[in-house]
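There are 2 protein chains.
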Amino acid sequence: MHTDVPGAESSLRVACVQMAPRIGDVESNVARSIEFVEQAVCDGAELVVLPELCNTGYAFETREEASNLAEEVPGGPATRAWTAAAAKHAITIVAGITERSGDAIHNSAVVIGPTGHVGTYRKNHLWNRETLFFERGDLGVPVFRTGAGRIAVAISYDIWFPETFRLAALQGADLVCVPANWVPMPSQPEEAMAMANVLAMSGAHCNAMFVACADRVGRERGETFIGRSVIVNQAGWPVAGPASPDREEVVLADLNLSDARRKRALNEFNQLLRDRRTDVYGEMLGSDTRPGWY
Amino acid sequence: MHTDVPGAESSLRVACVQMAPRIGDVESNVARSIEFVEQAVCDGAELVVLPELCNTGYAFETREEASNLAEEVPGGPATRAWTAAAAKHAITIVAGITERSGDAIHNSAVVIGPTGHVGTYRKNHLWNRETLFFERGDLGVPVFRTGAGRIAVAISYDIWFPETFRLAALQGADLVCVPANWVPMPSQPEEAMAMANVLAMSGAHCNAMFVACADRVGRERGETFIGRSVIVNQAGWPVAGPASPDREEVVLADLNLSDARRKRALNEFNQLLRDRRTDVYGEMLGSDTRPGWY
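Residue numbers (our numbering), protein chains in the order written: chain S, 34 to 327; chain V, 34 to 327.
Rather than coming from a laboratory, the hints here were simulated on the basis of the structure.
Watch out, some of these pointers could steer you wrong.
[Said to hold, decoys possible] Output of the computed footprint for chain V on chain S, the stretches with three or more beta carbons under 8 angstroms from beta carbons of chain V:
| hint | segment |
| --- | --- |
| 1 | 55-62 |
| 2 | 164-174 |
[Claimed, not checked] To give an idea of the chain S side of the interface with chain V (calculated C-beta under 7 angstroms), a few residues:
| hint | residue |
| --- | --- |
| 3 | Pro-195 |
| 4 | Glu-196 |
| 5 | Cys-239 |
| 6 | Val-272 |
| 7 | Leu-285 |
| 8 | Val-313 |
| 9 | Tyr-314 |
Note that beta-carbon positions come from the ideal geometry of N, C-alpha and C, so glycine has one too.
Please build the complete structure, drawing on both the sequences and the hints.
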C-alpha cells in the first residue's frame, strides 16, 4: 500500500491503460475507460493512467467537431465518471481529455483523487493538426501533491522536450504520467524500440523520476497509433511493457516512489539535479530573446 | 567529400575510435591514437573522434599525478601530434585530453583542423573522483565552425544533461562529438542497450543533430569502461555501432550534415526547436535561484 508521507518508503501499484477510443463516441469511450479502470483495480492498481483525449478520440476534422465533443472540467461527463470511480475505489486517475474552457479547447489531462478533482494539465507542445483545434497549454508544468505521490503530467509530444521532464523534477515530481496518442515517427526502424519509449527512458534516467506512459492503439481517419505503453523506473529502465503496438491491454508495475529522491545520488560526488551547471546554461534555455539556429 | 559551405548538401565520413589508453603512458597512448587515426583515414574518414583523456588514461590516484601527466594546449605533445596528423591528411580531429592551464587541470577536448587548433572544450559536468583532480569547465558549450561542419563537444557525463545538447542545437550545431570514458551505470540490465547510448539517441532526436560518441574500453585500477561507441543520425537512430563493450575498434558512418537543419521540420506544423515553449520554461532551467527539490 502506498503512503502519502513525503520521504517515506512506499510501494505504489501503477496501471497504464492502452485502449482504442473511437472518434466522436464519448459515451462509449468513457464507459470503456471505466471498464479498464475496474480491471486495473482488480489487479491492485492504486494509480491508473488513461490515454490522451480518451473521452473523444483524436483525429478531429474541424475545430467545431472538437468543440462540440469537448467538456468542461470538472463538470463534464467523463470527469464525473472518473471522479466516481476514483472515489469508489479510493484510487488516483490521470486521464487525457478534450477540454472546453470558455471559447478555448485544450488537449488536457485531469488528475483525480479519491476526494475529487485535484488539478488539470494542458498540453504545452501541440502536435501537427492539433494546432488547428487547440490552444497551447497555459498552466505551466504543475506538480500535483496526491495520495499517490508527487505527480506531473506530460502529454504525448510534450516528452520530445527534455525541458518538460526537467521542470517536473525541479519541482519535486516523483512520477510523470504521460497520456499519449503517439503516431509513427518518420525513419523509425521497424525492429527498433519506439523513439517515444527511448525518450521516456532518457527523461526518467536523467531526472531519477518514474515515468508512466499510457498510449492508445487503433486507427482513426487514416491515422495509426503505435501503442507501446510503458512504465519506466527511476533508473530509466522499463519495468512494465513496452506493450504491443496494436492491442488493448493494461501494463502494471509496483514503484517505490522514494527511490525518485534517493537515487538521484549516483555516488559520493554526483547527484543528478545538483550537478546541473545553471551558471553555464544561463538564460538561453528559457529565453526567446537569444538568436537561435532553427 | 565534405564541403564547408553552410547549408549545402554534404556527406561527411566520421570515425569514432574506441581504444584502451594506459594510465600514465602518454607517449604510447598518443602513438596508438595516431595509428587509429591513420587507419580511419585509410577508410576515408574526414573527421576522427578520440576518447576522453586519451593522452593520459583516466583513473588518476592523486591530483599531482594528473597534473604531471597533463599538457598545455596547443603546445603539448598530444596536441602537436594530432595537429600534424590533421594537417597531413587534411582532416578534423576531436580528441579528449588531460589539459593543464596555469594551476588548473581540465578534462578537455581539442578540436583540430587541417590548419591547426580550432578550439577547446572543457567538461562542464565532472564525474565522481574527477571532482578531486579537475576544475569544472569554464568555456560554456561552444560550437566550432570547421570544415567538417558546425561541431559541438560534450564529454562523457555531460550527455546526462539534456541541456548540453540543447545549448549546442540552439547555437547551430550539426554534430555533437562525444569523447567518453563511460563506466557501468548502477542497475543497467545486462542485455539492455547502454544508457549512454539511449541518451545519445534521445539528444540527437530531440534536437535533430548528429551525435558521434568515441568511448574507451579496458580496465584501469579497478575501473571498467564499457565501450559501445556509437554514431547516431539526426533522427536519433544508430547508423554505426554500438561497438563491442571490450574491443578496440573504429566505427564509421557517412553523415549528411544538412539533414541536421532540414529534418528539424517534422511536418507542416512542427519544428523541433521552434516548438519549444520558452514562455513556459521561464527562468527555471537556467537559474540557481529557484528552490529545487533535490
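Item to check | Hints the structure fails to honour | outcome: 1, 6 and 7
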